[in-house]
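If you want the building blocks of each chain, they are given just below.
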Amino acid sequence: MDLDPEDVFKDEEDDPDNEFFQQSESSKEYVVYLVDASRKMFSTTCPGNDQKDETHFHTAVSCIAGSLKTQIISRSYDEVAICFFNTREKKNLQDLNGVFVFNVAEREHLDRPTARLIKEFDCIEESFMREIGSQYGIVPGSRENSLYNALWVAQALLRKGSIKTADKRILLFTNEDDPFGSLQDAAKKDMTRTTLQRAKDAQDLGISIELLPLSRPDSEFNVSTFYADLIGLDGEDLAQFMPSASQKLEDMKDQLRKRMFTKRVVRRIGFHIANGLSIELNTYALIRPTVPGAITWLDSVTNHPLKTERSLICEDTGALIQEPPKLFQPYRNENVKFLPEEIAEIKRISPGKLRLLGFKPLSCLKDYYNLRPSTFVYASDQEVVGSTCIFIALHRSMLKHNRFAVAYYGASNHPQLVALVAQDEITSAGAQMEPPGMHMIYLPYSDDIRDDEEIFPDTEEDAPRADEDQIQKAAALIKRIYVKDFSAFQFANPALQRHYAVLQALALAEDDIPETTDETAPDEEGLTRPAVVRAAEAFKHSVYGDSYDEESDMGKEKMSEASRKRKAIAENAAKDYDWGNLADKGSPTWNVFS
Amino acid sequence: MARNKEKLVLLLDVGPSMHGVLSEVEKLCSMLVEKKLIFSKYDELGVVVFGTEESNNDLTTEVGGYQNITVLQDIKVVDGDLVDTLQKLPRGTVDGDFLDAIVVGMDMLIKKYKDLHKGKKRLCLITNAIHPIKDPFEGSKEDQVMTIAEQMAAQGMKIESIVVRGRFSRDANKGVMDENDHLLSIFSKKTHTRTVYVDTPTSLLGALKTRRVTPVTVFRGHLELSPQMKIKVWVYKKTQEEKFPTLKKYSEKAPASNKLATHQVKVSYEYKSVDGSSNSVIPPEQRIKGYRYGPQVVPISTAEWDAVKFKPEKGIKVLGFTDASKIKRHCYMKDVYLFIAEPGNTRATLAVSAIARAMKEMNAVAILRCVWRQGQQNIVVGVLTPNISQNDKIPDSFYFNVLPFAEDVREYQFPSFNSFPASWQPNDQQQKAADELVQMLDLAPSGKEALLPEFTPNPVLERFYRHLELKAKQPDAAVPPLDETLKKIIEPDPELVAENKSVFDALHRHFELKQNPKLKKSSRQWYQEKQSGSNAHVSGGQAVNSIENQPPVKIEKIGDLTPVQDFEAMMSQRDNPEWVEKAIKELREKILALLIHPDGEDKYQKAVECVAALRKGCIIEQEPGPYNDLMHRIRQYCEEKGIKSLPQLLASRDLTLISKSEAEDSNVTAEEARSFFVKMEPKPDV
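Heads up: the protein sequence lines correspond to chains Y and D, in order.
Under full-length UniProt numbering, the letters of the first sequence match residues 1 to 594, in that order.
Under full-length UniProt numbering, the letters of the second sequence match residues 1 to 686, in that order.
Keep in mind that the hints were calculated from the coordinates and are not lab data.
There could be a bad hint or two in this list.
To be verified - Computed beta-carbon distance windows for the label pairs:
hint	chain 1	residue 1	chain 2	residue 2	range
1	D	413	Y	89	33 to 39 angstroms
2	Y	363	D	56	46 to 52 angstroms
3	D	373	Y	104	52 to 58 angstroms
What the hints assert, rightly or not - In silico lysine-lysine, DSSO-like type, Cα no more than 27 angstroms apart, as pairs:
hint	chain 1	residue 1	chain 2	residue 2
4	Y	307	D	248
5	D	360	Y	484
6	D	432	D	514
7	Y	337	D	606
8	Y	400	D	326
Stated by the list, open to error - One side of the interface only, derived from the structure: several residues of chain D facing chain Y at Cβ under 7 angstroms:
hint	residue
9	77
10	94
11	254
12	310
13	319
14	346
15	434
Positions of the beta carbon are idealized from the N, C-alpha and C atoms, including for glycine.
Chain D with its partners taken away, still in its complex shape:
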């Protein structure tokens, strides 16, 4: 563990021209530390900001110069304070010199670690690099950078640069930017890293890998083209999803006085006979695995199974090459693998390069049969595609995608579009409107690709780690909504939409959508319609329209946090009619509980939202009874306690009794319903 710990110095440009993105820089850097606190607690980190009014660093004291650079934090093992530091970066007042900052960062690493930990020492520079660095006393800037970069390489340090450009640097001097880009590229070359350019706050959040994953090979061995021709390759994962962290279960059973309580929960499994004749637990050695085959369950012991199971030999073999068009993109099954020639093996590298380039020229792909390791019990068939390197330093390689087997494909048939009636076929104007949209709502204009996966952060994980940090300080903090930067990932860019207003207008003019009038409005469809139809009305606060059609997570209980959503979700669960009854009953109880213990500032707001949802649901289910009964109880309760605000609130939203015109089973007339709260006779206040 400790051997792998990374030593990182952040070099952050806080000069005036960076102020517009500093809040994203704060978020990015604190996320980096937040993840380190969980996944690599022993990493060490220092923070240098440049462009500050003051100067505070060793070099300025020792040798002079190096002004406007402040060491915010000396290198230390990551801790919570670092997050706090990074969340409130100072706003600088002068245009900083990134090269000075690099030297300060190098000096910190060198002083602390001497020449140990080669390859683990890293500098990360975030700047817009639009201001010129100072001219050297002698020699050119390039010579200087070369010298520093060589020193850096000799010390086993790497530097990663994130350059923020785009709309933040519109007025910048192109000559200066080009010069800086060139200088930074020298660092990338010498230390085998890269310089990343981002042009939106959103991509800035995705520009830095906030979690370091040690690369592990999936396979090392031969890529066999034919029995005579084999190439030594290593296989890595190219993509692998970073999952939502698995949280542990927390036990609250231990008394608060027990300071040593671990609060851990153990999950235990016991195997018992289904027929229930005896309640005894069957010991592990008496259990045998059964495999389903249709309605039968076939018992097979592990030893038997080992004797008969499929045991392919480890190895990767080319089954053949074929035209790239034969493999549809949507057939890719999994995350992606990377094949590289064995590192350091020049001839293997050449062979991979030759095959990859020939494939590229011929527009061919290879079909591979892979058994990654001995003992693997299945075979992977997939497609190898060439990855021609654009960087002189990096060898050519391949990507590999898993393809489906015959059993994995469901060959459903769908109607041809031209089999549809003429009214469903777009006419010329409609087609033109669609063409415009597809061309104009462009996310990749002239090489500036927005939402590039490489630079797009995962909004769910961002939200989780930010909330984690927040909750560490305020245990009862509510989940905050997504901020504007992350919204750019889930909603269309308002600027792009505004630029293309005429395109959208044309779309609205030429296409019309309406609810199917022939459809009987059964309750189930109502719920579906609600979410597939236009979402014109989003009510304030409680997002009534935000529920899912079929929640994959079954709602079995109406919770405290989102009772309305839970209720609607439960009402739409179709596998059992009892859900409706249960949902109504539970929401009623929730409402009564909310009356007695009003929640939060809005007092009855939540209760009223619940009443509204219950009323809607009861009308759809044509079950007026439980709702009307509840309303009588609420009125009685308010009368007894002299509560006026709640009945007023309910009346103002027309949340009165369900009348006969709304539900057949009701015995309340429309008139009675209307005057329900009016007739209330509040007892005089005591």
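The shape of chain Y in the complex, shown without the other chains:
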């Protein structure tokens, strides 16, 4: 429903073509966060920001809190449950020991995140010891197995819904790589076996169990001790799992955050490389603008939602139109009519396929060849065996020769010429910063490109160009305001943050709207440092001379522009078109030869 006349975030022409990042209910995800609350989680620390140490428990909880906040905005149909194990108190439907399901009012255990859940979970650490408590649940001489119980509770929570319509996942946060380490042989064997069986049962029901191990710099989490069996890792997967013990907490948080998302395939396409050689690719929307959810109209008296009824009314007769109407375009003094199917047929070019046309050097990919966010593509051997091999070979060749592929992508609503740019994998401290694959960049057509930079020069003279001194002064200034570690997406969107802070406050009926910081504000302080000021002054002087006074400069220009125009008109009016003059100067002379 595009009924919102004042959509807050609409820029002049935000592309409405964002079907692929509007989540639908049919692709939802059920997640149980299973957090180890044993003593070890509180006693183990990592050096965090500001030299302050953070406990592993804090790390896990803050990752989840962050994820909930993202989720309520972008994937609010997903349902979550938060469950601690190795707790003193118990709270769960099965009444099992050592497991505590955290929840808030007006919410089922596994449900969509709400404002209240986010708010109360944000301060869980204050009340945790008092109300839930930490107590390691697996001790010699006891038959209790808190990990087993935790998996059972999580599985029961995920009983809801069919795996056909939802992804079900358990995300397990722990820093204990050997949960049964304190037990004797027989008991250990027994508990290990039953726990693994419990996990396998869950997996057989289509639930995936993912481990988010927390390790210290001095003692790495050893996955193979126990958990490799539980989550079903072997061979190379195992080697991949913990590429390196992360040295920094930020990196660990990064890894956790990345693992908390599941990949969603946008669509599966065939990449036609040559006749008879068509490989299978999956496309992913890694970057899409996040916009606030659509507006729902309410009855201001009852606060009940309203439904919108759209009707088509014939302006001539006032009759309601039921069938999808024909479309028309006024042209040549008449209305040329089209069936909706006909329009679809016009747009249907090479449907569903990506066709390779050739390769070009990367230098041909200009900065202004862009229209929309790119789409990521990655090969799959699921249906066409051999796809990945070709994909890797092309990927390597394209990187080696600094070339990109040009292809035609026949998306049915928006077929377009695209560039495929190979991206090599980039990892930093064990975390993948850029995945290996190709980015599909949508190229403009000739009618999409403007040449406005060419319309102004109205003078005979060449355009002013900076001299070497001015360039050097500019370079000096640039060096002063140089940012070394810039990441393209390091800023939170201040408007979005504000929007949700307001909603959160109103949803919880709070009086104060929490402050949000605008991370995009320039570093005013830094810019007033003497060195920066000096560099700016030097550059200014080299271009503007002693009389840098912009406003007067602008005023003068404005005047001169207007007066020049007037003058030009006056002059031209005085000058009649003089064919004779042109004749004298030569034009008709070459007629002699014709």
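We have chain Y; now place chain D onto it with these hints.
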């Protein structure tokens, strides 16, 4: 409106050496007029062709000379006849003189408009410029061109030249071409326009902007480097997608006798309570906006929202400079902006030039925070990259691309390639074959870049406007397939492929693709496979293989135009099992309708295609019932009506009953199925 209307004279070279591209010239020029008829109806246009046997222009009558130039159309407001004129340009017989044609065009503009409409008068020359122009009686050619160009500038005219070269001018004299290029460049310089060179028919179609868009600034103000250092800039759009036109809805309710009917459709929205207790419409003043926050909807009035919403100040600030490599190309989010120094402001131009050139030298980019206008409720963060001008007349400028915010990025992880099993890793020969392909299938050999976005027309829009023109004349014309020139945009260039046959052979030799044998052939996968696998068999006429995997436009009804595609699309809609049932039912009805009212010349061809699709679909869904039932009805119908051709057609394509071996639920044996049409007993013809 009227003040902005353009006055254009097309100067088209129709000499013998141009014949090879004249059909593209016709298409380009008629597209230009077609768009004008929609977007700028009051523009005026004249057409001059040169290289014709005859001569027909004012100058030849008045002063003599100017031969082989024909004014096809005097300047007039654009109309449909112009399209017709441009669609059948005469084929000339002599090599024309483009300079003569320019003078004729100038004369037309001058006579018609005197010295009014400065800057709106335009000449557009399309030629290959491979033939020498005549020597002047005195002075050099260059002097002459200079004189004419100055006159042109004084009259406020501009001339845009499109020079068709490449494979069309292989045998041309290089000296002559160089001379002509030089002469044309004088015009470009004097009238501040450019000469465009194209070397394929496809790029010729993209060489002329067929729709004029008045440039509008997005922002005028300061680019703030620091509180002390601000530069006056104007910001424009550099790219903006030309969208498919939005068509209006057409009402057929008015009686045909009503000559004044507008046929317009009004879209009305009514807001009603969801619980349905009352069916009353809620008036606008009683409505309040609700914003979603998780499962909750939070009501906020506009006034409340205004009080709390984010309100940044207008302005553009540099947050810092950074290394260009920090910004990945795929992070660009939107169409692109252009930053230029305030026009006429020399010092701002110098400052922009200095910063741009320093950035270029240092391989640096600037990160900007932009609020384009007061009242804008969001912030745009993006990257400014230098655009060093290659043309002495044009100042340096910047391009600006929007970058994502943290919320816009999904950090999915993908397996490293070296984590894959050895069988998935390309071996040396495979790598070599891929290397060859990447190097040899070259679209930009030695500066001759093919499919340059600047010169590539949008095939969908080309197709739409051509179809619009066609339908204006033949209302029931079918959508024509893409022509050869446009196919070059969607398919690899056959010549390039042929040149690299050995490269492709090696590719086929070293790489093998096969369907995954372990995969259970469920119906859904079948549909996917069909389109991701090799497309070896494209059946004639009905392109059965051309359907999309997941049509983003949901098919809710099987239409008349492409029933097979609609059916397959509907069958593959996975959100609800009812689609399958609905698809089968609707296609059956369509088939029966086609039997009673055969469509077109092929009579039953369409019905047979539908039957084939239905049979396939029913086997995949293991639903033999509806199909077999239909076949019995078809046989009965044919028997009654004595129709022989249809059963023969069906039998010849093995479109018989679905047997038990094909679908478990069927109670038909293979033998019965085979003899189904054989056993038919047609009634003797009456």
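Evaluation of the provided hints:
1. Checked against the hint of 33 to 39 angstroms, the C-beta distance between residue 413 (chain D) and residue 89 (chain Y) comes to roughly 36 angstroms, which is consistent with it.
2. Between residue 363 (chain Y) and residue 56 (chain D), the C-beta spacing of about 49 angstroms keeps the proposed range 46 to 52 angstroms intact.
3. Against the hinted window of 52 to 58 angstroms, the Cβ-Cβ separation of residue 373 (chain D) and residue 104 (chain Y) comes to about 42 angstroms, which falls outside the hint.
4. Between residue 307 (chain Y) and residue 248 (chain D), the direct Cα distance comes to roughly 25 angstroms. Compliance with the 27 angstroms bound is thereby established for this hinted pair.
5. Taken as a hint, the residue 360 (chain D) and residue 484 (chain Y) pair is honoured in the structure, with Cα atoms around 17 angstroms apart against an allowance of 27 angstroms.
6. At most 27 angstroms may separate the alpha-carbon atoms for a hinted pair to count; residue 432 (chain D) and residue 514 (chain D) meet this at roughly 21 angstroms.
7. This hinted pair checks out: residue 337 (chain Y) and residue 606 (chain D) have alpha carbons roughly 24 angstroms apart, not beyond 27 angstroms.
8. Between residue 400 (chain Y) and residue 326 (chain D) the CA atoms are separated by roughly 20 angstroms; this keeps the pair inside 27 angstroms, and the hint holds.
9. At a threshold of 7 angstroms, the smallest CB-CB gap from residue 77 (chain D) to chain Y is about 13 angstroms, leaving the interface hint violated.
10. With its C-beta approaching chain Y no nearer than about 11 angstroms, residue 94 (chain D) sits outside the 7 angstroms limit, and its interface hint is violated.
11. Because the beta carbon of residue 254 (chain D) sits about 4 angstroms from the nearest beta carbon in chain Y, less than 7 angstroms, this interface hint is met.
12. Contact between residue 310 (chain D) and chain Y, as hinted, is supported at the beta carbon level, the nearest pair being about 4 angstroms apart and thus within 7 angstroms.
13. Taking 7 angstroms as the C-beta contact cut-off toward chain Y, the hint placing residue 319 (chain D) at the interface holds, the least distance being around 5 angstroms.
14. The interface hint given for residue 346 (chain D) is met, as the beta carbon of that residue sits about 5 angstroms from the closest beta carbon of chain Y, less than 7 angstroms.
15. Proximity of residue 434 (chain D) to chain Y holds as hinted, the smallest CB-CB distance being about 4 angstroms (cut-off 7 angstroms).
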